[in-house]
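K.L.:
Single-letter residue listing:
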Amino acid sequence: MKRVLFILAGLCCFASVVRAQADVPIFSGALAFQGASTGGANSFTPIIVPVFVAPLGDHFLIESRGEIEGFIARDNGTTGPYNGHFFASFDYLQLDYIANSHLTISVGRFLTPFNIYNERFPLWVANLADTPIIYTIGTRTSGSSNGGMVRGVAIDRPNWKLNYTAYASAGTTTENLQSGRTAGGRAGVFVPQAGLEVGASYQRFLQNGGSNIAGAYFAWQPPEIPLDVRAEYAHSPAGHGYWLEGAYHLAPNRDMNTWLSRLQVVGRMQQYFHGNPTPIDAVPSVNVNQFDVGLNYWFEHNVRLNGSYGRQYSTTGNFNVWNFEIVYRFLFPAWPGGH
Amino acid sequence: MKTLFASVLGVSLFACSLHVVAMPQAAANGQKPPNSAAKTKPAADPGEVKFKENCGRCHNPPDALSPREVKAVVQHMRVRAMLNAEDEQLILKYLAP
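The listed protein sequences correspond, in order, to chains A and B.
Numbering follows our numbering, in which position 130 of the first sequence is assigned residue number 130; successive positions increment by one, without gaps.
Numbering follows our numbering, in which position 79 of the second sequence is assigned residue number 79; successive positions increment by one, without gaps.
Bear in mind the hints are in silico, worked out from the structure with no lab data behind them.
Predicted model, so just to flag it, every value in this text is computed and none were measured.
Incorrect hints may have been included.
Straight-line alpha carbon distances no greater than 16 Å define the calculated EDC-like cross-link-like pairs of lysine to aspartate or glutamate that follow [as the list claims (entries may be wrong)]:
| # | chain 1 | residue 1 | chain 2 | residue 2 |
| --- | --- | --- | --- | --- |
| 1 | B | LYS93 | B | ASP45 |
| 2 | B | LYS52 | B | GLU86 |
| 3 | B | LYS93 | B | GLU48 |
| 4 | B | LYS52 | B | ASP63 |
| 5 | B | LYS93 | A | ASP23 |
| 6 | B | LYS52 | A | GLU224 |
| 7 | B | LYS52 | A | ASP255 |
The whole structure should be built from the sequences, with the hints applied where relevant.
P.N.:
Listed below in structure tokens is the structure:
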């Protein structure tokens, strides 16, 4: 916690140093409150996710995201008094050099680019509050990597683009800055006019004896209708599985803004098949099936309410999963001033 | 595998049924169906098109951005969403004309 606060204070000092720039750094992120009931065990989670972005001219950029969250739950799951614990972590703190459209070089701590969930779906974007069962496959040990990354658009055509990411990370056990010793990459084909993207990921986990991890993803947002379909598959020696999610705004097109169009229904199906997991894998040691259905409502562009119900089936027991979440998305310049 | 096919089919049918349900609701609200709206709409701002194609996949446009903070936002998204230089400039102009 102290380390995170220290780095945040350092970023504020840095912001004041670059104050003379016309293009100011920004603070962004989200405030959220989540409530969950998993098999009758209730928990409450207040979260703040601050994002700091400072452009340094046209080619350099500093980006950072932290996470401070509390976890309030009963001592013995479904019985006993409620107790709270607070956690802090750094998701990324990276320096980017934007060479051109084909190449951006990042160094520091960055989100591990395995498939798309970890990088693209922070809590204010994810359609359901629950992370997928296979989330930890390919994102060990913390979802973040410490090292270097290159990314960009390898082939850029008017009708399609081939994007890529490659990275190497050192193993780190420092509190709040953990990462796995890994190397890997991702490649995807994006067809903008169709709103379609498919891609694949590979990672070599270079610790605990080494292992190969592979994944594939699919995302489709047709321009004509406000439908959002996403899916991921991931495979590792610990297990493999997939999730498939569909979400739909109650409107005939994406441009409509009525009370009904702000309502989004979501459905997700997940299947997980266990392999030989170790504690570091953080995946179930039994086969698991789960479905979730949910409703999202946007009060304004920056406030979203989400509720969902799911049921998990496994050989260790079946149970209900209820989630409730309210998210406020904020964005403001690092210091006040005129437009 | 059967479960996978069933879930793919289920999601597709679910989406199609909602689309069918949503159309009469839109008519009741006085909204034009998308095809007739497309015929009467003026040509879209190229920056808006690029925003919808790239950024709109995950989120709506921000409510209001001042010109001095828009560069940080768009450069951040250039790295995250792997935008090319041309798209970055078009989106910059769209968000802070």
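K.L.:
Can the restraint linking LYS52 (chain B) and GLU224 (chain A) be considered satisfied, given a maximum Cα separation of 16 Å?
P.N.:
With a Cα-Cα distance of about 11 Å, the restraint between LYS52 (chain B) and GLU224 (chain A) holds, given a limit of 16 Å.
K.L.:
Mind checking the alpha carbons of LYS52 (chain B) and ASP255 (chain A) for me, to see if they're no more than 16 Å apart?
P.N.:
holds, 10 Å
K.L.:
LYS93 (chain B) and ASP23 (chain A) were given as a pair; does the straight-line alpha-carbon distance stay at or below 16 Å?
P.N.:
With Cα atoms ~14 Å apart, LYS93 (chain B) and ASP23 (chain A) stay inside 16 Å; holds.
K.L.:
Given the hint that LYS52 (chain B) pairs with GLU86 (chain B), test it: the Cα-Cα distance must not exceed 16 Å.
P.N.:
Holds, because 15 Å separates the two Cα atoms, which is no more than 16 Å.
K.L.:
Given the hint that LYS93 (chain B) pairs with GLU48 (chain B), test it: the Cα-Cα distance must not exceed 16 Å.
P.N.:
At roughly 9 Å apart (the allowed maximum being 16 Å), GLU48 (chain B) and LYS93 (chain B) satisfy the hint.
K.L.:
Quick one, are LYS52 (chain B) and ASP63 (chain B) close enough, alpha carbons at most 16 Å?
P.N.:
holds, 15 Å
K.L.:
For the pair we were handed, LYS93 (chain B) and ASP45 (chain B), check the Cα-Cα distance against 16 Å.
P.N.:
holds, 10 Å
Of the numbered hints stated above, none is contradicted by the structure.
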